[in-house]
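**Q** Residue numbers (my numbering), protein chains in the order written: chain D, 1 to 403; chain W, 1 to 203.
Some hints could be false.
[To be verified] Computed spacing ranges between beta-carbons, pair by pair: (1) 318(D) - 79(W): 46 to 56 Å; (2) 172(W) - 50(D): 29 to 39 Å; (3) 140(D) - 31(W): 55 to 65 Å; (4) 78(W) - 64(D): 13 to 23 Å; (5) 104(W) - 155(D): 41 to 51 Å; (6) 107(W) - 64(D): 31 to 41 Å; (7) 50(D) - 98(W): 39 to 49 Å; (8) 107(W) - 36(D): 46 to 56 Å; (9) 70(D) - 15(W): 24 to 34 Å; (10) 45(D) - 79(W): 44 to 54 Å; (11) 140(D) - 110(W): 18 to 28 Å; (12) 98(W) - 127(D): 18 to 28 Å.
Worth flagging that the hints you see were computed from the coordinates, not collected in a lab.
Every residue gets a Cβ at the ideal spot worked out from N, C-alpha and C, and that includes glycine.
Given next are the chains, with one letter for each unit.
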Amino acid sequence: MINGQYTDSPIYVAGAGIICAIGNNVGECITSFEHGAAGMGAMTYLNSVHKELPVAEVKYNNEELAAMANMPVNASRTALLSCIAAREALADAGIENIRGLRSGFISANTVGGMDKSEQFFETFTANRDAGRLRNVNNHECGSITEMVAEQLNLRDQVTTISTACSSSANAIFYAARLIRHGLLDVAVAGGTDALTKFTLNGFNTLMILDKEYCRPFDDTRAGLNLGEGAGYVVLVSEKVAASLQHIYCRFSGYNNSNDAYHQTASSPDGTGSYLAMQGALKKAKLQPADIDYINLHGTGTQNNDNAEGTAITRLFAPHVPRVSSTKSFTGHTLGASGGIEAVFSALSVKHGYVYPNLRFETPMKELQLMPETSFVKNVPLQHVLSNSFGFGGNCTSLIFSKA
Amino acid sequence: MTEQKYITAWCSVFNNKVAKNGMQLFDGKTVSIDEFVVGVYKYLQVQYPKFYKMDNLSKLGWLATEVLLKDNIEKGSYAPEQIAVVLANANASLDSDLRYLASVKDGASPALFVYTLPNIVIGEICIRNGFKGENTFYIAAHFDAAMMYRQVSETMGHKAEVCVCGWVDVFGEDYKAVLFLVETHKEGIPFSETNLKKLFESN
Chain D
1 MINGQYTDSP
11 IYVAGAGIIC
21 AIGNNVGECI
31 TSFEHGAAGM
41 GAMTYLNSVH
51 KELPVAEVKY
61 NNEELAAMAN
71 MPVNASRTAL
81 LSCIAAREAL
91 ADAGIENIRG
101 LRSGFISANT
111 VGGMDKSEQF
121 FETFTANRDA
131 GRLRNVNNHE
141 CGSITEMVAE
151 QLNLRDQVTT
161 ISTACSSSAN
171 AIFYAARLIR
181 HGLLDVAVAG
191 GTDALTKFTL
201 NGFNTLMILD
211 KEYCRPFDDT
221 RAGLNLGEGA
231 GYVVLVSEKV
241 AASLQHIYCR
251 FSGYNNSNDA
261 YHQTASSPDG
271 TGSYLAMQGA
281 LKKAKLQPAD
291 IDYINLHGTG
301 TQNNDNAEGT
311 AITRLFAPHV
321 PRVSSTKSFT
331 GHTLGASGGI
341 EAVFSALSVK
351 HGYVYPNLRF
361 ETPMKELQLM
371 PETSFVKNVP
381 LQHVLSNSFG
391 FGGNCTSLIF
401 SKA
Chain W
1 MTEQKYITAW
11 CSVFNNKVAK
21 NGMQLFDGKT
31 VSIDEFVVGV
41 YKYLQVQYPK
51 FYKMDNLSKL
61 GWLATEVLLK
71 DNIEKGSYAP
81 EQIAVVLANA
91 NASLDSDLRY
101 LASVKDGASP
111 ALFVYTLPNI
121 VIGEICIRNG
131 FKGENTFYIA
141 AHFDAAMMYR
151 QVSETMGHKA
161 EVCVCGWVDV
171 FGEDYKAVLF
181 LVETHKEGIP
191 FSETNLKKLF
201 ESN
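Construct the complete structure from the given sequences, taking the supplied hints into account.
**A** Right under this line is the structure:
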């Protein structure tokens, strides 16, 4: 329970950091958008038998990532990715007196140190006396957050949220609530996930992985491509924001709703997504017509895009804003996706970016939704909505607004 | 001081029999768990076709909750957010995990895969009854009345006015469910570690 004094004072985004298949930092990701260069390709780093499945990998091995993160080479890839993006976000925010402020690290992930556990498991199943135990020490999701918090010297509030694909969106709004309740001044919030056999096999079992590059919101879509990466925003209180040279935007609205329909699927009418978007609008005191761009959850599965599209049409028609799914570039990075897409959304508000939805050709039969297909700059965007919907019906929408 | 809570109903599904508040309601007399759970479902005379899609852990927990709540909680008497669920067992979802693993050889089954988590049974119970309160699933070697008492008290210390709690365990042909309905503002057996233990062991 949070017992601090709640205030409705504005929360600002002061910093951003990303590593994913389309870039090692925010600048590289934007360049990839400009060039229409998607991050998926043949499997290179993940050791899986399912080579037929395209994945959106970060194009470095663990040795290289460890050097970039300045962390031990045997650390979980989940932690390495997290550290790189979170450090970029902190540096970007450039908060000079951070030691004098209450700072937190609210980081989401869904796989924890599973990549290392898989290494252990292989050796261990062959010989019960073999396998390095240090490879399972950080199996648990929270362990990844703790390791990175230590690296970044963020100590006042460190916690992990794991709610499938909406994990890091939930981490971001939980961080905002901690600030609004007067418990933190600064929070690095977002999430991380590395590709593992565990997730690949799980999604493969559900038969929702496309053997081609994913086609979000297209009538011919046949599933998602898994990706990996990490994305963080630095959220600050109004007081801290006033002392900074630059901020991206205001974090104005958020909501989490659950349609309690199925273990993995959204309800066909998108009840959960509808309630999440509606709730976020209410929190931000906005009308549907105020939203200028929606960064879709847009995984490319039949079920998600249908449910999300239905919910958007219900809530916004006849004035549906610009929409696109950046997962057509990054793949679905699961626990990191809400963080990565929050960064893209904050950049949209700041610089007027609208991202293309690659490989979109044919609108879905049931819905006349036409995602954006080219990268545009300097579009006047007052309010951007970012959707992240997870298994278990866990639906989250975030709204970023001009400061 | 926390308010005194009461066990207002309890139910057991064990050894081919279903009992509520110590009274036997149904004797399956069948041998396999698969037949038994369907027998109990038919006995209850409810229409919920999704029941047949569930794994045995969910079927068991779902059936036990149906029996527990019948005539005890009227629809609408509590807000959905006020009803919590705290369950525990020894075998997590191992029963479904192994069935799923066996299916992998001939193409992994998505229908089995979605039950390879122990807390799915809580989801099925909440979907059926529209519960939206806190819920947690614990895994422990034995029914730990002290832990259950502590966790339910903690959960009910916040928003929850009602808690469905107890044990739901399935592994192969072995199964046992003992559920308790705990409420704040109704008389019953005082909710305590001793009474949880006593009722659990009486089954």
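**Q** Each hint should be assessed against the structure and marked as holding or not.
**A** Outcome of the hint check:
1. 318(D) - 79(W): 46 to 56 Å: For residue 79(W) against residue 318(D), whose Cβ atoms are near 36 Å apart, the range 46 to 56 Å is violated.
2. 172(W) - 50(D): 29 to 39 Å: This hint holds: roughly 31 Å between Cβ atoms.
3. 140(D) - 31(W): 55 to 65 Å: For residue 31(W) against residue 140(D), whose Cβ atoms are near 41 Å apart, the range 55 to 65 Å is violated.
4. 78(W) - 64(D): 13 to 23 Å: violated, 55 Å
5. 104(W) - 155(D): 41 to 51 Å: holds, 44 Å
6. 107(W) - 64(D): 31 to 41 Å: Between residue 107(W) and residue 64(D), where Cβ atoms are some 37 Å apart, the hint holds.
7. 50(D) - 98(W): 39 to 49 Å: violated, 23 Å
8. 107(W) - 36(D): 46 to 56 Å: Check failed, 36 Å falls outside 46 to 56 Å.
9. 70(D) - 15(W): 24 to 34 Å: violated, 60 Å
10. 45(D) - 79(W): 44 to 54 Å: Given about 49 Å between the Cβ atoms, the range holds.
11. 140(D) - 110(W): 18 to 28 Å: Since residue 140(D) and residue 110(W) have Cβ atoms about 27 Å apart, the given range 18 to 28 Å holds.
12. 98(W) - 127(D): 18 to 28 Å: The hint (18 to 28 Å, Cβ to Cβ) holds, given that residue 98(W) and residue 127(D) are roughly 23 Å apart.
Checked against the numbered hints above, the structure violates hints 1, 3, 4, 7, 8, 9; every other hint is satisfied.
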